[in-house]
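Here is how the chains run, residue by residue.
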Amino acid sequence: MTANGATISNGPACPIPISEYPRILLAHGGGGKLSQQLIQKMFVPQFKNESLGLLHDGAVLRVEGDRIAFTTDSYVINPIFFPGGNIGELAINGTVNDLAMCGAIPRYLSVGFIIEEGFAMENLWRLVHSMQEAATYAGVVLVTGDTKVVDKGKGDQIFINTSGIGVIEKGVDIDPRRAAAGDAIIVSGNIAQHGIAIMSVREGLEFETTIKSDTAALNSLVHRMMATYRDIHVLRDPTRGGLASSLNEIADSAHVGIRISEENIPIAEDVKGACEIMGFDPLYVANEGKLIAFLPATKANEMLSVMKSHPQGKESQIIGEVVADHPGLVVMKTKIGGSRVVDMMSGEQLPRIC
Amino acid sequence: MRYVDEFRSRGAARHYADIIRQLTTRPWTIMEVCGGQTHTIVKTGIEELLPKEISLVHGPGCPVCVTPLEIIDKAIAIASRDDVIFTSFGDMVRVPGSSKDLLSVKASGGDLRIVYSPLDAVKIARQNPSKRVVFFAVGFETTAPANAMAVYQAKKLGLQNFSILCSHVLVPPAMEALLSSESNRVQAFLAPGHVCTVMGFEEYIPLAKKYRVPIVVTGFEPVDILQGIAMAVKQLEEGRAEVENEYTRSVRREGNVPAQQLIREIFEITNRKWRGIGEIPVSGLGIREEYAEFDAEKIFNVQNISADESKVCIAGVILRGLKKPHECPAFGTDCSPEHPLGAPMVSSEGACAAYYQYRRFSPELKEVREL
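Top to bottom, those sequences are chains D and G.
Each residue of the first sequence is one higher than the one before, counting from 320 in the numbering used here.
Each residue of the second sequence is one higher than the one before, counting from 89 in the numbering used here.
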């Protein structure tokens with residue numbers, strides 16, 4: 320006890336806030352409900368401060384009158400080389416995208432490598448080369464870094480962490496809480512590419528064509544979008560947990576309802592087929608080069624045509640709208656004309672029996 | 089996607105919905121047996137297209153849901169051993185046992201691997217001769233041929249480190265158990281298309297006759313299900329009780345004969361416990377004595393593990409079609425996919441999980457809309 324009678328919060332006096340799981344499960348990092356629970360019950364209450372708690376892709380900080388976006392992400396993907404990309408390129412694009420989703424112009428990145436003893440130097444060189452290429456494309460510079468090597472068996476080949484800083488221009492106010500009834504929702508292209516590309520390699524499934532990851536930097540597309548209409552309400556890149564989880568997070572943050580139409584959600588035929596075979600719902604499969612944008616419906620068609628003219632947005636579609644009804648819920652009109660709730664992903668998607 | 093898009097088209101769905109509306113003159117209760125069908129119905133919102141006289145109840149055909157608690161506990165006991173690689177279909181690993189699930193075994197250091205086919209488990213056994221590889225062989229007649237093939241192959245390869253933990257169940261005895269119960273309210277069945285792809289549909293003919301109940305072998309796409317309902321309603325309205333086949337692109341009357349032979353080679357019919365329902369006579373498949381060396385239950389000596397169901401969970405009542413998931417007091421409160429009390433909340437094919445995920449918006453569930 321302290322002098323004023325408060326209990327110092329370490330030791331057994333402070334209960335663990337997530338009592339039903341004595342151990343971390345993979346799903347705690349899967350981007351679904353358990354991840355959200357970990358963040359909301361454990362991290363946010365402990366670390367709480369003015370900039371945290373937005374549940375944004377990055378923090379927005381004020382530095383001497385200017386606004387700066389700051390974000391970090393770790394990459395632990397297996398396999399490290401996959402159709403359409405590799406862990407290095409992903410680590411650059413992912414952090415660039417997190418900054419872009421705050422409406423920032425990405426500028427500086429840091430890189431931390433955790434490498435397993437015995438990792439082939441040639442592979443490291445390939446990754447480093449590919450990271451520099453991705454950075455050049457995105458217009459960011461890698462300004463600081465760190466390398467650690469762990470014992471063989473204590474890491475899965477290589478883990479990469481990148482953090483990034485970007486600058487937010489005046490008049491830009493991207494915030495998940497700004498989703499408002501009357502907004503249209505646009506997705507920038509075919510969903511579920513990345514997750515399916517990775518799963519296909521892991522499961523050794525072969526299709527007529529090789530499904531490639533969509534990993535790409537989106538800052539140039541965002542730049543073009545901002546130039547068209549600066550007051551975009553929300554941007555989000557639906558990575559882990561897929562489109563469904565991102566839409567749920569936004570509906571939750573803004574206390575609005577979201578309605579989407581199954582028919583309008585763009586999915587490539589080969590990805591659709593792979594999802595059928597593996598028993599996955601493409602709405603929950605990860606993307607690494609797509610964004611969703613919320614903006615007033617009156618501006619949606621103009622924005623759509625701008626996005627379609629950009630290489631990263633060719634398959635863009637308006638997929639739905641924000642409504643005042645059913646706050647917090649995402650409801651989808653199904654192809655046959657029924658409707659259903661699209662929930663947050665719960666746990667990891669698991670292959671079904673039959 | 090060809091052969092899929094046609095069966096998800098709005099036009100075709102409306103066509104059959106119109107037919108159902110024209111045919112229906114009074115209330116009918118139809119049960120879809122298979123969890124895959126339940127999933128489609130709830131996920132695509134088929135009930136919104138039906139006249140209010142047609143009531144769908146969700147049957148016991150989710151293999152994950154009916155696997156008894158004690159088998160899960162046995163799986164956990166085996167998977168926790170240091171010398172074992174435990175392999176399973178994905179959705180079994182999250183089903184709660186008495187105290188934990190298989191995923192927690194993995195988090196505690198157990199070697200648990202999700203496979204797409206039991207033959208992958210055989211491959212793992214060949215690659216890991218110093219480990220004992222166990223496959224969790226659950227499911228209906230649909231998965232039985234592949235599981236039988238795994239044992240057959242393992243025997244042929246002389247593998248001494250491969251076995252299966254078997255909890256196979258059969259559809260017709262479960263339907264008979266429902267029909268013979270006094271509380272039965274099912275007037276027609278949509279029979280499971282994949283089970284019938286393997287077994288054919290001749291064994292359903294005596295059931296239709298004895299209990300005067302129409303049975304329509306039905307596929308899994310929304311248009312399949314609407315067509316199946318239309319065929320069932322037509323029979324009901326005309327006073328017929330026959331076995332008909334909607335899923336002709338997959339099901340033949342005699343089924344897949346070589347697959348049936350393989351099942352008979354490895355398995356024999358046995359009594360089987362169903363989670364939430366209890367023991368149903370001659371309703372399962374067990375490993376024949378000649379293949380006992382592949383029976384994980386015997387090898388690891390876990391026959392004596394037994395377990396009691398949650399007192400709150402009404403899975404049995406739901407699996408028998410007597411109540412809908414949202415009528416359970418624990419639905420969405422104490423029981424959710426993150427914290428399931430019973431198996432129907434775990435499997436993506438389980439009726440409770442399907443209602444939780446997809447139906448919280450619908451007016452009939454308005455009391456749980458606030459979740």
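Derived from the structure by calculation, the hints contain no laboratory data.
Quick caveat, the model's predicted, so the values are computed rather than measured.
Incorrect hints may have been included.
If we take Cβ atoms under 10 Å as the criterion, some of the chain D residues that face chain G in the derived model are [to be verified]:
no., residue
1, Ala-346
2, Leu-353
3, Lys-471
4, Glu-582
5, Pro-585
6, Lys-633
7, Glu-634
8, Thr-653
9, Lys-654
10, Ile-655
11, Gly-656
12, Gly-657
13, Ser-658
Backbone N, C-alpha and C fix where the C-beta goes; we use that ideal spot for every residue, glycine too.
Against the structure, the hints come out as follows:
1. Ala-346: Nearest chain G Cβ about 8 Å off; hint holds.
2. Leu-353: Since chain G brings a Cβ to about 7 Å from D/Leu-353, closer than 10 Å, the hint holds.
3. Lys-471: violated (18 Å)
4. Glu-582: holds (8 Å)
5. Pro-585: violated (14 Å)
6. Lys-633: D/Lys-633 check fails; min Cβ-Cβ to chain G is 21 Å, beyond 10 Å.
7. Glu-634: violated (17 Å)
8. Thr-653: Cβ of D/Thr-653 sits 5 Å from chain G, so the hint holds.
9. Lys-654: holds (5 Å)
10. Ile-655: holds (4 Å)
11. Gly-656: Check passed: Cβ of D/Gly-656 comes within 5 Å of chain G, closer than 10 Å.
12. Gly-657: holds (2 Å)
13. Ser-658: holds (5 Å)
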